[in-house]
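Student: If you read the sequences in order, they're chains G and R. When the letters of the first sequence are read in order and numbered with our numbering, they come out as residues 107 to 833. When the letters of the second sequence are read in order and numbered with our numbering, they come out as residues 107 to 833.
Read the hints as simulated data drawn from the structure, not as lab findings. Don't take every hint at face value.
[What the hints assert, rightly or not] Label pairs and their in silico Cβ distance ranges:
| id | chain 1 | residue 1 | chain 2 | residue 2 | range |
| --- | --- | --- | --- | --- | --- |
| 1 | R | G385 | G | R514 | 32 to 40 angstroms |
| 2 | G | P358 | R | H174 | 33 to 41 angstroms |
| 3 | G | R633 | R | R323 | 57 to 65 angstroms |
| 4 | G | R633 | R | P358 | 57 to 65 angstroms |
| 5 | R | P216 | G | D374 | 30 to 38 angstroms |
| 6 | G | R686 | R | R571 | 41 to 49 angstroms |
| 7 | R | G799 | G | Q234 | 16 to 24 angstroms |
| 8 | R | D176 | G | Q234 | 55 to 63 angstroms |
Ideal Cβ positions, reconstructed from N, Cα and C, are used throughout, including at glycine.
2 protein chains.
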Amino acid sequence: THGGPTATPSDHASIFADLTAAELRAVRDFLRGRPELGLTERSGDTLEHNTLFLVELLPPNKRAALRHLDGGGPAPQRRARAVVFFGAQAEPNVTEFSVGPLPRPRSYRPLRFQGGRAVPFSARPVTQREYELLHRALAAATEPLYPLLRDTTGFWFHNCTRRCLTFSDIAPRGLQPGERRTWFVLQRFVEGHYLHPVGMELLLDHRDLDPRRWAVRSVWYNGRYFSGPQELAALYERGAVAVARLPDLADPLFSSYVPRGPTPAGSDAHGAKVCEPRGRRYRLHGNRLQYGGWSVAFRLRSSAGLQLFDVRFGGERVAYELSVQDAIAFYGGDTPAAMQTKYVDAGWGMGSVTFELAPGIDCPATAAFVDVHHMYDSAGPRRFPRALCVFELPTAVPLRRHFDSDFRGGFHFYAGLEGTALVLRTTSTVYNYDYIWDVLLYPNGVLEAKVHATGFIHATFHTARGRRYGSRVHSHVLGNVHTHLVHYKVDLDVAGTANSFETMDVSFENISNPWSPGARVVQPRLRRERIRTERRAALPMGAALPRYLLFSNTRRRNRWGHARSYRIQHQSHAGSVLPRGWKEEKGVSWSRYHLAVTRHRDSEACSSSIYNQNDPWEPAVNFESFIRNNESIEDQDLVAWVTVGFLHVPHSEDVPNTATPGNSVGFFLRPFNFFDEDPSVSLRSAVIVRPRGPSPAQPEVQRWTPDPPGPCAAPPPFSYNGTNWAV
Amino acid sequence: THGGPTATPSDHASIFADLTAAELRAVRDFLRGRPELGLTERSGDTLEHNTLFLVELLPPNKRAALRHLDGGGPAPQRRARAVVFFGAQAEPNVTEFSVGPLPRPRSYRPLRFQGGRAVPFSARPVTQREYELLHRALAAATEPLYPLLRDTTGFWFHNCTRRCLTFSDIAPRGLQPGERRTWFVLQRFVEGHYLHPVGMELLLDHRDLDPRRWAVRSVWYNGRYFSGPQELAALYERGAVAVARLPDLADPLFSSYVPRGPTPAGSDAHGAKVCEPRGRRYRLHGNRLQYGGWSVAFRLRSSAGLQLFDVRFGGERVAYELSVQDAIAFYGGDTPAAMQTKYVDAGWGMGSVTFELAPGIDCPATAAFVDVHHMYDSAGPRRFPRALCVFELPTAVPLRRHFDSDFRGGFHFYAGLEGTALVLRTTSTVYNYDYIWDVLLYPNGVLEAKVHATGFIHATFHTARGRRYGSRVHSHVLGNVHTHLVHYKVDLDVAGTANSFETMDVSFENISNPWSPGARVVQPRLRRERIRTERRAALPMGAALPRYLLFSNTRRRNRWGHARSYRIQHQSHAGSVLPRGWKEEKGVSWSRYHLAVTRHRDSEACSSSIYNQNDPWEPAVNFESFIRNNESIEDQDLVAWVTVGFLHVPHSEDVPNTATPGNSVGFFLRPFNFFDEDPSVSLRSAVIVRPRGPSPAQPEVQRWTPDPPGPCAAPPPFSYNGTNWAV
Ligand SMILES: [Ca+2]
Ligand SMILES: [Ca+2]
Ligand SMILES: [Ca+2]
Ligand SMILES: [Ca+2]
Ligand SMILES: [Cu+2]
Ligand SMILES: [Cu+2]
């Protein structure tokens, strides 16, 4: 395990490094020492406290960072973003603060959201404390339902020890701003409980900060709505309820990873592995990663996950920032929970649920693993071991190759370069789902961002009408249809910050044939379109995406006279999650566009927020506002906002878990006339073979790396901890 | 190197095995012994001969094959397809024959194309013999241009020894049926000559079978057309031609693989490799491949490449056939050769240009390599070493994983399965371009077909107007815009041959909210559409593709009541190559559709032919005719025809070669309610970790494979032969 992602202060990457445990503690202690904030340790049975919810790095503004990176200016002050839940105030609210300078904070000032609006308290994420109270409330509320639950499922909620129920909660938590009433799906608490709904969903209003005033507002059971547990319990006692009797659970559980069934030949032995006969070819120093001409600074922000800065190839910056913004999954279904589920994962601590990666499974055993610290809904910093991994991937496809035949059984030459890429990986386990976030750095100046979806589907109780919304995947389980979308910010700086945006595709022209009078030639011709404003650069989901999306510095030309450019290439099957403007859609307005291009503003750092989940109707961050002023995007510092995703209609093969093959989306950043030739010509991994005299003489092999590469050592034994801990 | 792809006769796969060298010879000798065919050794200076151009396996018809595979019937007779060029007849033509039975043929009968039409002689592929004659004709024709070529390029054509010119020819070879006049692009003959056009293109009419009647009809030089070499030579002598003086070639050549420039850190050492600590987990017996529940029979047909048969998972057939049909690249440009280039690679022996794969570059050094035999434009069978490779790929992404947090710093469990897949690979080097053809078998019943494009771009001389059609990629070189499309045949047999086709996507419904009176719910709902006829199942390029394309046996249900189905999922950026119906577009009418679904017919074995290139106007095989009878596709033996591709606007980074990252397209076959649960539950590679008592006690690790896997041996030293030879 690598020591931690903080670079030495002398490395420019250090200005982007996540806060150290000491820095996190310093921020906490500083804020606790400010009496006007009234921060208390969480205690008591209400939510009427002021608590420090989140502390993470507040990245420097871009101008200051560039002065440091490029102009030899001083390192910008390190500052923290601190999120305080003011529950003990007359008007409870959430306020974010900028705190600094680190490591010894002296001052703080509020950070304002769009329009200077305060974040309403009802928009805050649910804390563990609130979950404990919710659990208690649900256990109490379902007490009258003990007979029903025990009889039909063999599991119950209140006073349980072994055969317990648990729940999945969904969001948003209401139908309009200010509401906080959540549908809870009851499940048998076994391994993979997400696949064990018992047929009951409860709507609990937990808006009040005093849980004694919480109340169940509705119960759905086996296709029917009831005013509350009492009504359902009474009707059940009278035999007036159609019950769903769940079968006992067989061993091994269908929701578990325990292997079952006949072993396919060979599958009980170890298969192919990644190995490194000559050790690591990349450098990982703190939060600086270098490989094959690439250099990136990275962090894993607790709020929204992976964020790269100062992405350079061949020493030249290609992007100032590349980061995950949000991931959403919007569902359809026949039960109230399914109808209501519109997960906006940044509201579920997407960047903080970065649990331990297993060597040899989640990453090759050769990988370097990096621990991180989060102070998210915790009293202090916590260490998350192996939250990130880095490894070199043998792509098993040549980077490029050519066989030059002489068409007489011989050849002029064969030449090829082995394909490799560096992978930087983390995961977000947002409750049931596991996103695997990858950035791949290819040594020819191509970068790929990719996300795989795995983990458990969000499933609900199967009903007859449910099949309109998915597949029945087990006797009482419906896998609900949903759309996954992921939003990325890509602050490309292509040959400088003064960039323009252009789309390119082809159209057919019909011209007279210059060598055959009277004949016509129909052929493709480039259709290039310079896009001059933010509004026109917002390319909507409904329309086909032009196939080349080019970001250029029109004043910097490569040797052949072309504006130096990078291309964004989508790999996506994304579609709309809701009709434009419909209620919750406003909270994810970035989902309207495959791509949007805006002028860079430090104030438009993120397209979403941790608050959009619980108030999507009047979202703290509304991406649409970034383009509403419709600025010029010619010769400007541009930011590309990329949406990718796919439609997921669950099927039986999603049990026990969604598998990764076919379930990844992402995009490439590719040089387009950025260089004078492919930069991979500098790689020494080329091999050229030429015939030597008349065949079948042994041909001449020219190579610049030793042959053979040598053996690979056995990886260390498997180890896993599974916990994270306070530091 | 593996012995050869012929299974033991006792293996059912053997009925699909390519012909052995002995079988190929037997067919040749049998046909040569039939005096009525008048087959002669190629000789003399004309093309007025009857020659045997191609011999390959003629696969059994499906009914007979299934009787054998499933019904215990006898193995169908092995038969050959033999293609004869009848150049010595009054009406020269091409005829295909079925010859059998093998290994001792006794009879032959003609194979008929659509409409019973004979293949016109002008539609035949160009043979090596014709190329020799063309080379001679061009050398003679350019003799008057010796001063011009020598002065401006330092290279010439006729009587050259060291500083030679060569050419790329393009197709189609004319503007209408019967024509055979080809544009030739002159190039300096150096490594990567494709990138060295000298600015001259010649139109040579070589329709006559006697080369003495061939003639240059037009010359294009540096932007201007001339009636012939004489005119151009005369004008040049008078100083009346604007010449393009090419600079001397620098060392290393920009078109070569020789590394240059500063070495990125680490790139001079060996990087990550694939290794197999416990040896191979797949079985390769003849042309039968087994891995992780999969079993496939394969062959590499000389005409069109990779073809799988009897594709089974878990013992059950999923597809009867999966095969590459054709690959095309249609160009645009400012020079006549570029305007005219519409490459249809099946006409260039796409399946026979399967040159040697380099271990460690084209495939991991751990791979098994398979030799094949081709008898394509040769006097007898030739052995192509290492034409195929097979290897297990560590995907480096878990097949599936989940971390189950307790949200208090601990966890309920962690579980994951390492990701691996088996790759079956071959390449087609169609002159300048190298296609890398992959089939990936994932152990969860998912199959992926994928093609990467690499090798040299097809480039022409740069002109000022050329930039409408691509990028200038070197001082005198334009990389021309083109669209790559690839066509696959997928004869899915999903739970039997009686299948139906359905598309599925979502639309939004707006319903009243059942738990909140007056409120509305807008949510996605499945939009399923059963497609009942071939015409309606032909999904055109212009329209968005429904995201789920399902092939089902509606009478076979999985345990949860769903029709057992497989899904085709495109990974493609394909677009049209020409307006529908425009001249040459008829020769590639399959390119109109992302997907088409037809009733299976043995007579519709291929969507293209080796003749479509040289007569696209009246093509020997017109795919459109497969759907023109608009048959019912309900409960029928269906075939899916899948088109994938991408738009390629070359850029400087395509020099020296197009690189693979971002340049692959393909599709997945994925089970969709085909099984009762994910079949990967049978794999023993699962690892489960559970906490043992209160943390931080070491957790319990449950696994079914040894840990650690052990070391990997060093691969053998690099070896390469580069030739193919007569056997
Ligand atoms: Ca703006
Ligand atoms: Ca920028
Ligand atoms: Ca038909
Ligand atoms: Ca079929
Ligand atoms: Cu999903
Ligand atoms: Cu191309």
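Student: For every hint, state whether the structure bears it out.
Tutor: Status of the hints after comparison with the structure:
1. R:G385 to G:R514: 32 to 40 angstroms: Since the Cβ atoms of G385 (chain R) and R514 (chain G) sit about 39 angstroms apart, the hinted range of 32 to 40 angstroms holds.
2. G:P358 to R:H174: 33 to 41 angstroms: With Cβ atoms ~39 angstroms apart, the hint holds.
3. G:R633 to R:R323: 57 to 65 angstroms: violated, 33 angstroms
4. G:R633 to R:P358: 57 to 65 angstroms: Distance hint for R633 (chain G), P358 (chain R) is violated at roughly 37 angstroms.
5. R:P216 to G:D374: 30 to 38 angstroms: Violated, since P216 (chain R) and D374 (chain G) (Cβ atoms, about 53 angstroms apart) do not stay within the stated range.
6. G:R686 to R:R571: 41 to 49 angstroms: holds, 42 angstroms
7. R:G799 to G:Q234: 16 to 24 angstroms: holds, 22 angstroms
8. R:D176 to G:Q234: 55 to 63 angstroms: holds, 58 angstroms
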